[in-house]
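Using the hints, position chain B against chain A.
Chains A and B, in that order, are what the protein sequence lines are.
In terms of my numbering, the first sequence has 27 at position 27, counting the first letter as 1, and numbering is strictly consecutive.
Numbering-wise, my numbering comes out as the position in the second sequence, counting from 1, plus 111.
By construction, these hints were calculated from the structure, which means they are not laboratory data.
It cannot be assumed that every hint is accurate.
Unchecked claim - Lysine-lysine pairs mimicking DSS-like chemistry, simulated, CA-CA at most 30 Å apart:
hint, chain 1, residue 1, chain 2, residue 2
1, B, 162, B, 208
2, A, 103, A, 45
3, B, 208, A, 79
4, A, 42, B, 162
5, A, 106, A, 79
6, A, 45, B, 182
7, A, 45, B, 155
8, A, 45, B, 208
9, A, 110, A, 45
10, B, 155, B, 173
11, B, 155, A, 2
12, A, 42, A, 106
13, B, 182, B, 155
14, A, 79, A, 103
15, B, 155, B, 138
16, A, 2, B, 208
17, A, 45, B, 138
18, A, 42, A, 79
19, A, 42, B, 155
20, B, 162, A, 106
21, A, 2, A, 42
22, B, 182, A, 42
23, A, 79, A, 110
24, B, 182, A, 106
25, B, 162, A, 45
26, B, 173, A, 42
27, B, 173, A, 103
28, A, 45, A, 79
29, A, 106, A, 45
30, B, 155, A, 106
31, B, 173, A, 2
32, B, 138, B, 182
33, B, 173, B, 162
34, B, 208, B, 155
35, B, 162, B, 138
36, A, 2, A, 103
37, A, 103, B, 182
Computed from a predicted structure; not experimentally measured.
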Amino acid sequence: RKEVEQDPGPFNVPEGATVAFNCTYSNSASQSFFWYRQDCRKEPKLLMSVYSSGNEDGRFTAQLNRASQYISLLIRDSKLSDSATYLCVVPNGGSQGNLIFGKGTKLSVKP
Amino acid sequence: NAGVMQNPRHLVRRRGQEARLRCSPMKGHSHVYWYRQLPEEGLKFMVYLQKENIIDESGMPKERFSAEFPKEGPSILRIQQVVRGDSAAYFCASSPKGGGALDEQFFGPGTRLTVL
Numbered sequence: 001r002k003e004v005e006q007d008p009g010p011f012n013v014p015e016g017a018t019v020a021f022n023c024t025y026s027n028s029a030s031q032s033f034f035w036y037r038q039d040c041r042k043e044p045k046l047l048m049s050v051y052s053s054g055n056e057d058g059r060f061t062a063q064l065n066r067a068s069q070y071i072s073l074l075i076r077d078s079k080l081s082d083s084a085t086y087l088c089v090v091p092n093g094g095s096q097g098n099l100i101f102g103k104g105t106k107l108s109v110k111p
Numbered sequence: 112n113a114g115v116m117q118n119p120r121h122l123v124r125r126r127g128q129e130a131r132l133r134c135s136p137m138k139g140h141s142h143v144y145w146y147r148q149l150p151e152e153g154l155k156f157m158v159y160l161q162k163e164n165i166i167d168e169s170g171m172p173k174e175r176f177s178a179e180f181p182k183e184g185p186s187i188l189r190i191q192q193v194v195r196g197d198s199a200a201y202f203c204a205s206s207p208k209g210g211g212a213l214d215e216q217f218f219g220p221g222t223r224l225t226v227l
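Chain A with its partners taken away, still in its complex shape:
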C-alpha cells in the first residue's frame, strides 16, 4: 500500500451536490490527519484536522476509521468556490513532524 493514497478524480459535480473523497494510509501508528486544499498554482492551505474519529466544520465533515486506515472528507451543498484539489495529509510516523501528502483529488463544481 502506498503511504497515502487518494481517489484519483477528477470529480465533476453540480452546485449543491454532496461529494465524498476517500484516502487510505499505510502507517497504522499515525495519530493525526489533515485535509488540505490547494487551488491551481497556489500553496496548500489547511482545511481540517482529524485527531479522533472525525471532525465537522460547517459543510465539511472528515471521518477517520483507524481499523481500516481510512479517512474521508464529505462536502455538502457544494459551492463553485469549492473547486480545488483536496490533499489528504498524514504526518510522518517518525518524530520529525514532516508531512506525507497524497497526490490529491481534483474537484470541479459546475453551475
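Positioned in the frame of chain A, the structure of chain B alone reads:
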C-alpha cells in the same frame, strides 16, 4: 502578522546554473520545512530545519541540493548545476514547534523553478 514569505516567486535558470530559493517563516516560528511538487504530483518532503540545524534531510537528493537556516535571515534552499528535472514548485512551510504531528504547518506561496 505576515505569513510565510518566499522569493523569488518565479525563477528561470539554464541547465548548469545555480538556483537559490529563500523562505522567511512566520513571525515566532523557528521550524522550517521544504517540500517539492513536480507537475501533476503531490508534495514531497525534502528537509526540516531549525535555526542553524538540519533536523531531517531524508527527502533531499544526495547531490546538488543543500539547505540552511542561519541564525539571522531566511532559510535558503540551494540547487547547484540545475537540470530540467529540477523544474518544480518548491514550497516552504513553518510551524511554531517542531516534531509534533499536531502542529499545523503554514505554507508559503512557493517558488516556481523552470530550468531551460
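Comparing the hints with the structure gives:
1. B/162 to B/208: 12 Å, holds
2. A/103 to A/45: Holds - the C-alpha atoms of residue 45 of chain A and residue 103 of chain A are around 15 Å apart, at most 30 Å.
3. B/208 to A/79: 35 Å, violated
4. A/42 to B/162: Holds, at about 27 Å.
5. A/106 to A/79: Holds - the C-alpha atoms of residue 79 of chain A and residue 106 of chain A are around 14 Å apart, at most 30 Å.
6. A/45 to B/182: 28 Å, holds
7. A/45 to B/155: Given that 30 Å is the threshold and the Cα spacing comes to 16 Å, the pair holds.
8. A/45 to B/208: Distance ~18 Å between residue 45 of chain A and residue 208 of chain B Cα, so the pair holds.
9. A/110 to A/45: This hinted pair holds, its Cα atoms lying about 22 Å apart.
10. B/155 to B/173: 15 Å, holds
11. B/155 to A/2: 13 Å, holds
12. A/42 to A/106: 14 Å, holds
13. B/182 to B/155: Holds, at roughly 26 Å.
14. A/79 to A/103: 23 Å, holds
15. B/155 to B/138: The given pair, whose Cα atoms are some 25 Å apart, holds under the 30 Å limit.
16. A/2 to B/208: At roughly 28 Å apart (the allowed maximum being 30 Å), residue 208 of chain B and residue 2 of chain A satisfy the hint.
17. A/45 to B/138: OK: residue 45 of chain A and residue 138 of chain B at ~18 Å, within 30 Å.
18. A/42 to A/79: Given that 30 Å is the threshold and the Cα spacing comes to 19 Å, the pair holds.
19. A/42 to B/155: 16 Å, holds
20. B/162 to A/106: 36 Å, violated
21. A/2 to A/42: 25 Å, holds
22. B/182 to A/42: 29 Å, holds
23. A/79 to A/110: Roughly 8 Å separates the two Cα atoms, so the pair holds.
24. B/182 to A/106: 40 Å, violated
25. B/162 to A/45: Judged against 30 Å, a Cα distance of about 24 Å means the pair holds.
26. B/173 to A/42: 28 Å, holds
27. B/173 to A/103: 24 Å, holds
28. A/45 to A/79: Judged against 30 Å, a Cα distance of about 18 Å means the pair holds.
29. A/106 to A/45: 15 Å, holds
30. B/155 to A/106: The given pair, whose Cα atoms are some 18 Å apart, holds under the 30 Å limit.
31. B/173 to A/2: Between residue 173 of chain B and residue 2 of chain A the Cα gap is close to 23 Å, so the pair holds against 30 Å.
32. B/138 to B/182: 14 Å, holds
33. B/173 to B/162: 22 Å, holds
34. B/208 to B/155: The hint holds at about 20 Å.
35. B/162 to B/138: Distance of about 13 Å is within 30 Å: holds.
36. A/2 to A/103: 11 Å, holds
37. A/103 to B/182: With Cα atoms ~34 Å apart, residue 103 of chain A and residue 182 of chain B exceed 30 Å; violated.
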